[in-house]
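Undergrad: Here's the letter readout for the chains.
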Amino acid sequence: MGTKAFLSANEAAAHGVRLARPKVISAYPITPQTTLVEKLADFIADGQLDSKYMMVESEHSAMASALGVSMMGARVFTASSSQGLLYMCEMLSYVSGARHPVVMADANRSTATPWNIYGDHRDAMAMRDSGFVQLYVESGQEALDTMIQAYKLAEDPQVMLPVMVNLDGFTLTHTYDLVDIPDQDDVDRFLPPFQTKMKLDFDNPQVLCGTIGPAFHTEGRIQQCEAFEVAKKKIAEIDAEYAKMFGRSYHGMYEEYKCEDAEQVLVATGSLAGTTRVVVDELRAEGRKVGMIKLRSFRPFPKEFFASISGKYKALGVTDKSISFGFDGTIYGDVKASMYGNCGTKMANFICGLGGRDVSKDMIVEMFDVLQNLSDGKSEDEVQFIGKRW
Amino acid sequence: MAIVFKDLPDEELIYGQKSCQGCAALLAARLTMKVLGKKTMLACPACCFAATTSVYPESAVFVPNVVTAFPALASTLSGMAVGGEAMGLDDDVTYLGIGGDGGTVDIGLQALSGAAERNENILYICYDNEAYMNTGVQRSGATPYGASTTTTPAGICSKGCDNTFKKSLFEIMAAHRVPYIATASTSYPKDFMEKVAKAKAKKGTKIIHVMAPCPTGWGYSGEKTIEIGKMAVECGLWYLAEYEDGKYKLNMEPKEFKPVETYLKAQKRFKHLKEEDFKRIEGYRDADWERLRRLVQM
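For the record, the sequence lines run as chains A and B.
The first sequence: position 295 = 1309 (the numbering used here), numbered continuously.
The second sequence: position 71 = 72 (the numbering used here), numbered continuously.
Hints in this document: simulated from the structure, not taken from any laboratory.
Since we're looking at a predicted model, the values are computed, not measured.
The reader is advised that the hints may include incorrect statements.
[Stated by the list, open to error] Below 20 Å or equal to it, Euclidean Cα-Cα: the simulated DMTMM-like pairs (lysine to aspartate or glutamate) are:
hint: 1; chain 1: B; residue 1: Lys40; chain 2: A; residue 2: Asp1217
hint: 2; chain 1: A; residue 1: Lys1402; chain 2: A; residue 2: Asp1390
hint: 3; chain 1: A; residue 1: Lys1066; chain 2: B; residue 2: Glu118
hint: 4; chain 1: B; residue 1: Lys40; chain 2: B; residue 2: Glu118
hint: 5; chain 1: A; residue 1: Lys1066; chain 2: B; residue 2: Asp92
hint: 6; chain 1: A; residue 1: Lys1213; chain 2: B; residue 2: Asp92
hint: 7; chain 1: B; residue 1: Lys39; chain 2: A; residue 2: Asp1215
hint: 8; chain 1: A; residue 1: Lys1213; chain 2: B; residue 2: Glu235
hint: 9; chain 1: A; residue 1: Lys1375; chain 2: A; residue 2: Glu1255
[Said to hold, decoys possible] Which stretches of chain B does chain A cover? Using the computed rule of at least three CB atoms under 8 Å from a CB of chain A, they are:
hint: 10; segment: 31 to 44
hint: 11; segment: 53 to 59
hint: 12; segment: 81 to 88
hint: 13; segment: 97 to 109
hint: 14; segment: 128 to 140
Idealized CB from N, CA, C, for every residue including glycine.
With the sequences and hints as input, model every part of the structure.
TA: Following this line, the structure appears as structure tokens:
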């Protein structure tokens, strides 16, 4: 089943999009996302993909035109990064509030100033409350597979939420790996064409994205919240169905890696989960009881899961490639909030990888050492910058 | 494309809106829909049109309709047109955008420029009431010299808006070499509707910039909307023109302009202006017409 190719994660994601057969792609360049939409242009140019390709004049228009396409009932794709994502921010809330299942990729990159083209999660985390589902991938293979799963999730009639698939800039987008590319026929069986009644239709004229005042606004937001709750179940179900069909699973919203008897556990997101996985194996070989929780879905956030592991480990570390200035790392706040009220576990937040600074295996060992200290009753600063110069 | 009023359909596709009495923006939309008919997909940004027609659970628009973000009319409409084509909709569907002057010449200009450069198959109608009326009469790039607005109030140190010219959407869009651009006025409905009909028949990006007097923002009584619009054209402060196949054309060239003073004095927004200001405005008008005549000769 499928073919194998040596691909960057951007190229792998582009294959995922190709296999999902969007009717329209709205593209605007920004590093490190550009090679993704370039690859899609190649697919169209050489006849592998039958899509209209809109070369818009800005990211704002990329998301606005994606909204227009989606309102016509057509499957659509767009992608961005960093400042581009911030520039399209206004349209993200239009798309999500009106419940149009736009799927986008974000090649995660830091945000200016200082100007920095390298990877961290500050762009996507700034869109935390945009109403987009946010999934983070660990590898090129996961990027391809998640892209297909993202359409299935977004277009589920009980969900109807836009989805942002996050790939770490450069660390994933520009590094190559052997990737399995599924066959189109199999993907077509997994992902049928998009059908919706919520579209612009002469037989059923309606207002889309209309103004809603105080009398009904809250109810719309409640429906959005309910859709996110449904998405929690669907992410796992869709992943399980995908695994059955394609033989690869990403464990739904999160993955517990070697956590059964672990004493110190790190929460990692995106490509950092890959490095942490290796460090866990190495430290385990030395006899240390460490594990990892890979956070795949940031929104919806698996808060019930984090509440359930409260007190389970001697120490729990959370890695963040973003900061909520004036507070802690973005994910750390959510993990702590999820555990509030029944937290017997000592906790620490590790902010790392900002502006593309490499998060090395040594740094992850350092995090586990901090957790060891906490487990041993020693005191540590709760929020720590890892890999800082001074 | 001659429009014969008695042959127009009785059916109204925009009615029941909550606009001010004498609102020419809604009149422009209504006249447009008389020409375009039901096979129209409509989009508008946050503006008077949206606020008075499309507030849940009511709608005064009887075709599929979208309210998009302020800067995003042309880009959303582009997506609708491309999406419609991708979904195999009929060729004769009109993708119509209706937006105000602020949403067009200011915040929406980049998206409109992009759509025009790609020559998307859209009809974009800018109703020009010469300020941000929906937010309460703030100056836009289309506000004329001397107009008192809430952000350019007239006072002992202020003559009101100090624009020496209205940003020329007509010339900006002509620089994009789209198939069709026109200026129009709701006070000349036959001319306006014929331009809408002409635009409907063409593929690609079509733009109509229609002057739409606003009794609330301009300060005159609602029943005078048609009269005020005519006065603007007769005194040369607005013009009826077309750009088609690379050529400019003036549809109406008054032999002699009526005095601007009569037009300006009929509106509260200009009531502080004096003789010297009228002269100054006539100077701006004459320079504009000189430009227009040069364009026509090109």
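Undergrad: Check each numbered hint from earlier against the structure, then list the numbers of those it violates in ascending order.
TA: 2, 4, 8, 9, 13, 14
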